[in-house]
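S.K.: Sequential numbering from 11 applies to the sequence shown in this note's numbering.
It is worth saying that the hints were derived from the structure and are not from the lab. It is possible that part of the hints are untrue.
Okay, derived cross-link-like pairs now, EDC-like style, lysine to aspartate or glutamate, Cα gap no bigger than 20 Å in a straight line [said to hold, decoys possible]:
#	residue 1	residue 2
1	LYS282	ASP314
2	LYS286	ASP271
3	LYS69	ASP54
4	LYS238	GLU249
5	LYS238	ASP288
6	LYS254	ASP296
7	LYS219	GLU321
8	LYS238	GLU184
9	LYS286	GLU301
10	LYS238	GLU213
11	LYS238	GLU301
12	LYS252	GLU213
13	LYS282	GLU321
14	LYS346	GLU74
15	LYS282	GLU372
16	LYS238	GLU321
17	LYS69	GLU184
18	LYS286	GLU309
19	LYS219	GLU309
20	LYS282	ASP310
21	LYS238	GLU227
22	LYS254	GLU295
23	LYS251	ASP288
24	LYS238	ASP314
25	LYS252	GLU301
26	LYS251	GLU213
27	LYS282	GLU354
28	LYS393	ASP191
29	LYS286	GLU172
30	LYS251	ASP271
31	LYS251	ASP261
32	LYS286	GLU213
33	LYS394	ASP21
34	LYS282	GLU309
35	LYS238	ASP296
36	LYS393	ASP114
37	LYS286	GLU321
38	LYS252	GLU294
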Amino acid sequence: MNMNRQQQINDWIDAHFDEQVALLQQVLRVPTDTPPGNNAPHADMVAQLVQQYGWQAEKHVVPEATVRDYGMESITNLVVRRPYGAGGPTVALNAHGDVVPPGDNWTYPPYGGVIEDGYIYGRAAAVSKSDFATYIFATRALEALGVPLRGGIELHFTYDEEFGGLLGPGWLLEQNVTRPDMVIAAGFSYQIVTAHNACLQLEITVHGKSGHGAMPETGVDALQAATKILNAIYGQLPELKKIKSQVAGIDSPTMLVGRIDGGTNTNVVPGKVVMKMDRRMIPEEDPVAVEAQVRQLIEDAVRDVPGIRLEIRRLLLSHALRPLPGSQALVAALQKNAEAVLGETIPAVGTPLYADARLYGERGIPAVLYGAGPRTVPESNAKKADERLLLEDLRRATKVVALTLADLLG
Numbered sequence: 011m012n013m014n015r016q017q018q019i020n021d022w023i024d025a026h027f028d029e030q031v032a033l034l035q036q037v038l039r040v041p042t043d044t045p046p047g048n049n050a051p052h053a054d055m056v057a058q059l060v061q062q063y064g065w066q067a068e069k070h071v072v073p074e075a076t077v078r079d080y081g082m083e084s085i086t087n088l089v090v091r092r093p094y095g096a097g098g099p100t101v102a103l104n105a106h107g108d109v110v111p112p113g114d115n116w117t118y119p120p121y122g123g124v125i126e127d128g129y130i131y132g133r134a135a136a137v138s139k140s141d142f143a144t145y146i147f148a149t150r151a152l153e154a155l156g157v158p159l160r161g162g163i164e165l166h167f168t169y170d171e172e173f174g175g176l177l178g179p180g181w182l183l184e185q186n187v188t189r190p191d192m193v194i195a196a197g198f199s200y201q202i203v204t205a206h207n208a209c210l211q212l213e214i215t216v217h218g219k220s221g222h223g224a225m226p227e228t229g230v231d232a233l234q235a236a237t238k239i240l241n242a243i244y245g246q247l248p249e250l251k252k253i254k255s256q257v258a259g260i261d262s263p264t265m266l267v268g269r270i271d272g273g274t275n276t277n278v279v280p281g282k283v284v285m286k287m288d289r290r291m292i293p294e295e296d297p298v299a300v301e302a303q304v305r306q307l308i309e310d311a312v313r314d315v316p317g318i319r320l321e322i323r324r325l326l327l328s329h330a331l332r333p334l335p336g337s338q339a340l341v342a343a344l345q346k347n348a349e350a351v352l353g354e355t356i357p358a359v360g361t362p363l364y365a366d367a368r369l370y371g372e373r374g375i376p377a378v379l380y381g382a383g384p385r386t387v388p389e390s391n392a393k394k395a396d397e398r399l400l401l402e403d404l405r406r407a408t409k410v411v412a413l414t415l416a417d418l419l420g
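Can you build the whole structure from these sequences, using the hints too?
M.R.: Rendered as structure tokens:
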């Protein structure tokens with residue numbers, strides 16, 4: 011891209027930056043706590059916002075029964091198509107609008123979009139409502155160049171990342187609403203993320219038989235059996251530590267029990283205990299084999315305990331994001347432009363988190379994560395109290411994405 015066009019893009023973003031920040035404030039001010047996950051009102055608001063640019067947002071409403079069975083209240087996913095000339099790729103830009111609930115200890119209103127000392131505060135200011143603003147204004151900056159473009163851009167604003175994405179990008183892909191050639195999905199730091207872990211979540215129900223605390227032999231203690239399972243799970247951790255990923259930024263698999271419910275009262279033998287566990291897999295592991303191993307581990311732990319019945323239910327199996335042929339071009343363009351804007355080389359790495367971009371990857375569509383965020387994820391307080399984004403980082407990321415789109419579609 012010639013220097014003149016680069017300058018034009020950067021100048022346009024600077025000239026419209028106040029407008030971009032105001033848009034981000036609006037996007038932050040409509041709550042999308044998931045759970046409960048009543049996210050259609052936010053999508054309706056965003057669809058209205060993009061109308062002012064002469065854009066039409068297609069509303070893809072997930073049927074209410076499907077959403078409720080899934081554990082949420084309402085989902086409308088948005089697709090904004092910007093087709094240009096023939097002969098270029100279709101690049102999808104995907105950000106998710108659902109958020110983890112704010113929780114306590116905020117010093118700023120979590121849905122205020124308050125700006126102070128160059129930061130904007132609010133739930134999802136960093137992950138990932140910020141990238142609604144990044145991607146909308148990067149696309150506008152590209153179109154403002156007024157030069158012939160090839161290919162097209164699709165903005166995918168989806169509302170199911172926190173639950174796994176199956177009714178977000180998963181739904182759009184399954185319903186054949188979209189089939190982009192490549193995807194840039196919401197990022198959360200300066201790095202370009204090209205790979206991430208897979209995740210298995212299981213619900214383990216241990217059935218025993220309750221009995222009076224004074225006569226414990228009349229019952230079958232489900233908690234005693236559950237402790238055998240806990241010991242087996244946590245006993246595996248030293249073994250998992252020995253498995254190392256070759257992907258920079260990803261270390262070893264992890265496993266934990268995040269929630270336990272059980273028993274009826276202090277003086278009653280617990281008749282039932284429910285545990286929820288999370289097993290993160292590195293990209294090199296086979297999720298099907300891992301699930302079989304974990305189930306075996308749990309079953310073996312209580313195999314010889316009389317009167318105990320086990321139920322193991324899979325809550326989630328999300329696959330890893332792996333670099334695909336074609337993602338290299340995307341990474342190269344982002345790195346080149348990030349170096350121009352930030353004055354430093356930004357790494358392409360893996361992350362132990364998992365995101366819904368993997369759903370594009372599962373269909374063979376190269377996807378990387380890149381968007382507005384600080385140098386490291388913890389700096390933004392992502393998912394914690396006082397989540398925030400440095401406005402200069404929003405400006406920089408918007409320039410990097412716009413310049414990258416100009417390279418891919420110019």
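S.K.: For each hint, tell me whether it holds in the structure or not.
M.R.: Against the structure, the hints come out as follows:
no.	hint	result
1	LYS282 x ASP314	holds, 18 Å
2	LYS286 x ASP271	holds, 9 Å
3	LYS69 x ASP54	holds, 8 Å
4	LYS238 x GLU249	holds, 18 Å
5	LYS238 x ASP288	holds, 17 Å
6	LYS254 x ASP296	holds, 14 Å
7	LYS219 x GLU321	holds, 15 Å
8	LYS238 x GLU184	violated, 41 Å
9	LYS286 x GLU301	holds, 14 Å
10	LYS238 x GLU213	holds, 16 Å
11	LYS238 x GLU301	holds, 19 Å
12	LYS252 x GLU213	violated, 26 Å
13	LYS282 x GLU321	holds, 11 Å
14	LYS346 x GLU74	violated, 44 Å
15	LYS282 x GLU372	violated, 38 Å
16	LYS238 x GLU321	holds, 15 Å
17	LYS69 x GLU184	holds, 16 Å
18	LYS286 x GLU309	holds, 15 Å
19	LYS219 x GLU309	holds, 18 Å
20	LYS282 x ASP310	holds, 18 Å
21	LYS238 x GLU227	holds, 19 Å
22	LYS254 x GLU295	holds, 10 Å
23	LYS251 x ASP288	holds, 16 Å
24	LYS238 x ASP314	holds, 11 Å
25	LYS252 x GLU301	holds, 19 Å
26	LYS251 x GLU213	violated, 23 Å
27	LYS282 x GLU354	violated, 56 Å
28	LYS393 x ASP191	violated, 31 Å
29	LYS286 x GLU172	holds, 17 Å
30	LYS251 x ASP271	violated, 28 Å
31	LYS251 x ASP261	holds, 8 Å
32	LYS286 x GLU213	holds, 5 Å
33	LYS394 x ASP21	violated, 34 Å
34	LYS282 x GLU309	holds, 16 Å
35	LYS238 x ASP296	violated, 26 Å
36	LYS393 x ASP114	holds, 11 Å
37	LYS286 x GLU321	holds, 12 Å
38	LYS252 x GLU294	holds, 14 Å
Of the numbered hints given earlier, the model fails hints 8, 12, 14, 15, 26, 27, 28, 30, 33, 35; all others are met.
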